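Top line first, the protein sequences correspond to chains A and B. When we follow my numbering, the leftmost residue of the first sequence carries the number 1, and every step to the right adds one. When we follow my numbering, the leftmost residue of the second sequence carries the number 1, and every step to the right adds one.
Where hints are given, some of them may not hold.
In this list, chains with the same sequence are indistinguishable; a pair is considered to hold if it fits within one copy or across any two.
Straight-line alpha carbon distances no greater than 25 Å define the calculated SDA-like cross-link-like pairs of lysine to any residue that follow [to be verified]:
id, residue 1, residue 2
1, Lys158, Arg274
2, Lys158, Arg214
3, Lys394, Glu349
4, Lys158, Phe20
Quick caveat, the hints were computed from the structure, so don't treat them as lab data. Just so you know, these numbers come straight off a predicted model, no measurement behind them.
There are 2 protein chains.
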Amino acid sequence: MTTTPPARPVPEALAGLPGFTRDPAELERVRTDRSGYVPPTRPAGLVRARTVEDVVRTLRAAHEHRVPVVPRGAGTGLAAGASAREGEIVLDLHRMNRILRIDPVEQIAVVEPGVLNADLNAAAAEHGLFYAPDPASTSICSVGGNIATNAGGMRCAKYGVTREAVLALTVVLADGRVLTTGAGTVKAVTGYDLKALFTGSEGTLGVVVEAVLRLRPAPVATATVAAWFRDVGSAAAAASAVIAARATPSVLELVDGPTLGAIDLATGSAHRSRGEAFLLAQTDGFGAELERDVVLRAIEPFAESVLVADDPAEAEALVQARRSAIPSLEALGRVSIGDVGVPRHRLAEMVTGLRRIAEETGVEICTVAHAADGNLHPMIVVDRDEPITEGPPKLALGRMFELARSLGGTLTGEHGVGLLKQDWFTAEVGELSREVQHRIKQALDPHGILNPGKAV
Amino acid sequence: MTTTPPARPVPEALAGLPGFTRDPAELERVRTDRSGYVPPTRPAGLVRARTVEDVVRTLRAAHEHRVPVVPRGAGTGLAAGASAREGEIVLDLHRMNRILRIDPVEQIAVVEPGVLNADLNAAAAEHGLFYAPDPASTSICSVGGNIATNAGGMRCAKYGVTREAVLALTVVLADGRVLTTGAGTVKAVTGYDLKALFTGSEGTLGVVVEAVLRLRPAPVATATVAAWFRDVGSAAAAASAVIAARATPSVLELVDGPTLGAIDLATGSAHRSRGEAFLLAQTDGFGAELERDVVLRAIEPFAESVLVADDPAEAEALVQARRSAIPSLEALGRVSIGDVGVPRHRLAEMVTGLRRIAEETGVEICTVAHAADGNLHPMIVVDRDEPITEGPPKLALGRMFELARSLGGTLTGEHGVGLLKQDWFTAEVGELSREVQHRIKQALDPHGILNPGKAV
Chain A
1 MTTTPPARPV PEALAGLPGF TRDPAELERV RTDRSGYVPP TRPAGLVRAR TVEDVVRTLR
61 AAHEHRVPVV PRGAGTGLAA GASAREGEIV LDLHRMNRIL RIDPVEQIAV VEPGVLNADL
121 NAAAAEHGLF YAPDPASTSI CSVGGNIATN AGGMRCAKYG VTREAVLALT VVLADGRVLT
181 TGAGTVKAVT GYDLKALFTG SEGTLGVVVE AVLRLRPAPV ATATVAAWFR DVGSAAAAAS
241 AVIAARATPS VLELVDGPTL GAIDLATGSA HRSRGEAFLL AQTDGFGAEL ERDVVLRAIE
301 PFAESVLVAD DPAEAEALVQ ARRSAIPSLE ALGRVSIGDV GVPRHRLAEM VTGLRRIAEE
361 TGVEICTVAH AADGNLHPMI VVDRDEPITE GPPKLALGRM FELARSLGGT LTGEHGVGLL
421 KQDWFTAEVG ELSREVQHRI KQALDPHGIL NPGKAV
Chain B
1 MTTTPPARPV PEALAGLPGF TRDPAELERV RTDRSGYVPP TRPAGLVRAR TVEDVVRTLR
61 AAHEHRVPVV PRGAGTGLAA GASAREGEIV LDLHRMNRIL RIDPVEQIAV VEPGVLNADL
121 NAAAAEHGLF YAPDPASTSI CSVGGNIATN AGGMRCAKYG VTREAVLALT VVLADGRVLT
181 TGAGTVKAVT GYDLKALFTG SEGTLGVVVE AVLRLRPAPV ATATVAAWFR DVGSAAAAAS
241 AVIAARATPS VLELVDGPTL GAIDLATGSA HRSRGEAFLL AQTDGFGAEL ERDVVLRAIE
301 PFAESVLVAD DPAEAEALVQ ARRSAIPSLE ALGRVSIGDV GVPRHRLAEM VTGLRRIAEE
361 TGVEICTVAH AADGNLHPMI VVDRDEPITE GPPKLALGRM FELARSLGGT LTGEHGVGLL
421 KQDWFTAEVG ELSREVQHRI KQALDPHGIL NPGKAV
């Protein structure tokens, strides 16, 4: 249904659009994302959209002439969901980056898709509010991309993923018609939940051009605990103990030894000298300190050393250490970032299994995890000129997915399927679900022009 | 697409099923719900399902013979979403009421659809957990019905609606095939979010036969404030002030004067002597008392009197007063329960407008509201033998929806569209959204046998 047609000239209806370009440097830029995967070919062209009308005209022409379109935000995706190939046109939305409105009383923001996650958070902070989904890439990723992948981050075990923050969407459908779905109210159940269907659909059902997002009151207080462990299994067990103690930390991040080593190398810190795994926990709200004590008591039996970071600067440095994990690894080579999820009490089995996979395949795997929701990012690090989609890295990736599934988990918690995880998609969702998803795709995009070959 | 076919004999493939009956008393019971609407005809038959296989056989036969099927839970719906007419077969799921598993470490419950909301909460409480969606009808409504309507309740401004609690669903599709969607993990984004699509689809896309639901840690403390006001506008303004103060109450319920009068009459309380409107606020968690003080300071300037209910029994009595609103009104006549939503800062305009509609149409309207999410239940009370779907009640209902929409709101926050709100559906969602929803319906239920004429 969604195979790429052979190369052919770009129809004038598209090539004549004001934002259209074939500039080779631009095409080189937009053919890939941060997944580490570079497609063998370059796209046929690029439309730099600045207005909803630009998107409408692009899709109307693409629909009429059956030209595949790859919507693109900030290009920070980790599953090659925005990678583009020969015959495809990239629809670049990153210049549609205005915050149209923040309503501090209603606690909502109305934004264009190219707004950066961190910029939205900075604007919300001026009103004592925050936007909950916070991918590690907050300073470079766009809200539109967050919606396309139903992105998560550190705070979602407590505050929910992107889907929970999306109240309404304006979406340009495959044929160029403009759909508004959802409501400006916290609750609304009139008809099917199309905004939830579009959220996480990786640009295959429509192009989001405006979103009404829920903001939340900034917590009045935050408390921070850090702990170092003999091994990663102990850290995972401590994280599970925090959940079993019925605390609801806003942050519960696990970092393994190899990743700590990379962070130390890149930032001059000395985490790995304190242990082979690190856990960062934050509680927030009116009872932040009381809840921190519950977390502390749960962690202590498993840890080598524990630090209560009362000083905000010290706490911020610990958060930054965690945030620097991916850039630190990227300084060492090409990184393929996994995104598996497991039930929270299977975390220790998963991290131990990842060690085994690393040994057996000879591939280096460094792991960080959003431990409070069982979402792990095992990162495969290879030399810069080594491919990640074949040989031992691909073998390790497949073993990783199989292990997550055998523990009752999923192959992607928050990054999406994109192009890179297609091989394992049906094994996870099953033939019938695949068929139903394709029927929905067919109902909304009958010519299959939207991001072909991705997601479903 | 979904018109009811003329009456004809029930095919043997259905009539021969073990749970099938034509018992007139049973058919009388299942032709209506708690909406106050009684269809003019009775359904052709009833299948009392006890197993997934019963549901599979029913739908397989119905699909083959093009017989419309009305899925039914506990029958407590308020939008005639489960009402059944001539030519339709009711698929009654209320006997599929087992809690299959509670995992206290993972904080999930696996349940059949007929489990009552309160029974699930009681089972979760044994492990120090709770199930967040809590419709006022908790003791009589089923979890399957909650999923069908994406039900809310008092606690969802803080803890989310049913959609946020549904991690995975097993659904029997229109043709009898069994689909599993979602994952046993807190986060998962593999493919389209079908579980979110099924949640709130009012039995028109499939029949939920099993659900994996997220439980949450029971709060370690709860604090309660009650306040009485000169008029309902002041109470609404106080509720908006609580939100503007950036508190996140777990409960923020508004009750107007006429409803207080009915509660007093039914329960012997004396709320109305204290004011013409009542606001009940609860905060919970480790900082419950500190947050209560923020709520208190926001409410005080608007209130005639305020009560901090430190005694748990006193707090519980106040919650019970709110919960008794609907039964108290039902003691006075036939009640049609509205479900409009407005942006939270428009609450005062909405309640004032409802007073005006009541005066102008001569219809009695009593209002309660989940004020923290702007969801109001204006209840039209008529004599027991008066219809609610024509004359002044229908006029008032239409005016109510128009008012909510003019304030940027919705016609249904948590009860669904059902049969009763069909007239206003397209005005709210728009022609294009209606078309997209019908295409999805067509993709999943090509013969239109599932709950025809409801929701979309």
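Taking each numbered hint in turn, which are not upheld by the structure, reported in ascending numerical order? Hints 1 and 4 are the ones this structure does not satisfy, whereas the remaining hints hold.
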